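Visitor: If you want the building blocks of each chain, they are given just below.
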Amino acid sequence: MTQDLKKKAAELRMDALRMISKAGSGHTGGSMSAMDILVALYYGIGRADQKKEDDKDYVILSKGHGVPAQYAILADLGYFDKDELEHLRQVGAMLQGHPCPKIPGITLATGSLGQGFSAAHGLALSLKLDKKPNQVFAILGDGELQEGIVWETAMSAGHYMSDNLIAIVDNNKLQIDGTNRQIMNVDPIQAKFESFGWRVIQVTDGHDFKQLLPAIERAKKNERQPTCIWCHTVKGKGVPFAENKVEYHGAALSEEELKVAEEALLG
Amino acid sequence: MAKYNVNLDPDCEKIATRKSFGEALVKLGGKYKGIVVLDADLSGSVQTAKFAKEWPERHFNMGIAEQNMVGAAAGMAARGKIPFACSFSVFVAGRAWEIVRNSVCYPNLNVKLLGSHAGVLTGEDGASHQALEDIAIMRALPNMKVVCPADHYEALSIMQAVVDDFGPTYIRVARQGTAVIYDEKVSFKFGKSDVVFGAANGELPKKVDVCVFATGALVGSSLFAAARLQEEGKKVIVVNVSSIKPIDKKTIIDCASRAGVCVTAEDHSVIGGLAGAVSEVLAEEGVGVKLVKIGMQDKFGESGKPVDLYKKYGFDEEGVYKSLKKLV
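Taken in sequence, the protein lines are chains A and B. Count the first sequence with our numbering and you get residues 121 to 387, in order. Count the second sequence with our numbering and you get residues 528 to 855, in order.
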């Protein structure tokens, strides 16, 4: 199964790179670092892709700038026509630069960092109130952890023992202006979440499905406290010349770069 | 015009509209099970404690963290709940503004924001806690509606209308007692203003000396001031603009075009609030009439008893009377 997921992730990476390139702008690095997490949620455990309200787990991309990765998946799963990917970020098009709920498969407006996490917890609280079994996955960037609302949310989810909320931190170590360490240190991530009453599961390679899938399974079973899956990732993952390069945070690939990326990803 | 009985006695009963809000919320909570209430450690002050007691499972105290309160409300609304996120106006409209913008208004979610302790009527807590810009910053947001009750009964009616309606709404209420000018017959509608004074037998005079557009506690002050001026032979119209957005252009134009001079009256900055909204209508429609703005003149408030602050800034009956007197 993990081989299939790897292949799927490589294809979706190309879709994301192509749509960003066509748009002429967008967030390459963060889309690549979050792709395997999203693939694990949509193709690996099966509940994120349920179109029936009662069956699905919610996937909230709080780091909304990585949304090309999610758009590639939603198109692949038939939430909307794949042709839409050609029109990302263009006037009058459906696919906006950051997620908004007029797009099928997107639940909340995110991308103003930290807010998706807060609203994801609102979803989780309302699901509990209605005694629904659905779970909510919120994917956060590591730079995003610098937003105050993230810790307001962490505190409240710990307080309410929201075990249907699972935060996944895409810890690629980079942000626009440089490394997290240079700009504003976010470590220790584990101790921070634990001190707010969360269980933390560390995934040392956030691109390895053999680690991601069991971590998600464990998080789903955790009771009486929210769970944070802390994933070490590589910004620009899969695109050799962009990996760990801060310059590719918000850069679209050129035609030539796309060819090199395609060769590396699809062989 | 003048559809409702209006109390003209300045010594009438006074009720704080935050209390009216709290009272309405408990009743509506029994009828609408989708209503959930979020607080930021001010459930006593903003009068949501009664709801919390009656419906504890639907009450969420988010602690002193207004941004997360609004964010969580957005998530609840995304699943069909009717969340009321409640705090002081300064915090729910001010501190949480960008969350209101991006998480509530942009996706057009059914979140109701309750801003209490608006204006200098907040009193002793001083400038840090007296919201004077909230109407301006809420009004500027697409999809957001902005309402401000003139009194207790209108607040009750507003609450029913807000729950019947879909979409984000900012409800502005005050800490201190506001003159009860209406009775239970008053019926609020979004986008409708009420002429509370100046229409004889339901008809507006062709010409009046002054037309006052007021909101919140200033409706009462303007009403009592207008009654005095009328005794002195002046013709005055007073319009209660409780629906600030959407605004009742028709009534504003109709009344303003009969007036020698127009006045806006609000416990809010004269920049961007009711004065801004009325100016926009008058300018857009080419109603060439002078507009005088009663409100905070681009200043912060200060500590003091509400009654003293209203006196100092000319927001009480006497203050509005003096302002109008200069014009007629």
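If you are wondering where the hints come from, they were derived from the structure by calculation, not from laboratory data. Small disclaimer: the values here were computed from a predicted structure and weren't measured. Any given hint could turn out to be false.
As the list claims (entries may be wrong) - Below, in silico cross-link-like pairs of lysine to any residue (SDA-like), each with a Cα-Cα straight-line distance of 20 angstroms or less:
hint : chain 1 : residue 1 : chain 2 : residue 2
1    : A       : Lys312    : A       : Gly268
2    : A       : Lys248    : B       : Arg585
3    : A       : Lys340    : A       : Met281
4    : A       : Lys251    : B       : Arg585
5    : B       : Lys560    : A       : Lys312
6    : A       : Lys251    : B       : Ile562
7    : A       : Lys248    : B       : Ser714
8    : A       : Lys251    : B       : Lys712
9    : A       : Lys252    : B       : Lys716
10   : A       : Lys252    : B       : Val834
11   : B       : Lys776    : B       : Val834
12   : A       : Lys171    : B       : Phe827
13   : A       : Lys252    : B       : Tyr531
14   : B       : Lys558    : B       : Gly607
15   : A       : Lys248    : B       : Val834
16   : B       : Lys541    : B       : Lys776
17   : A       : Lys172    : B       : Val834
18   : A       : Lys248    : B       : Lys776
19   : A       : Lys176    : B       : Arg606
20   : B       : Lys716    : B       : Glu584
21   : A       : Lys248    : B       : Glu584
Said to hold, decoys possible - Taking beta-carbon pairs under 8 angstroms as the criterion, some of the chain A residues facing chain B (in silico):
hint : residue
22   : Ile165
23   : Asp169
24   : Cys220
25   : Ile223
26   : Ser232
27   : Leu233
28   : Gly242
29   : Pro253
30   : Ile269
31   : Thr273
32   : Met275
33   : Ser276
Glycine included, C-beta positions come from ideal geometry on N, C-alpha and C.
Visitor: I'd like to know which numbered hints this structure contradicts. Please list them from smallest to largest.
Guide: 5, 7, 8, 9, 10, 11, 12, 13, 15, 16, 17, 18, 20, 22, 23, 25, 27 and 29
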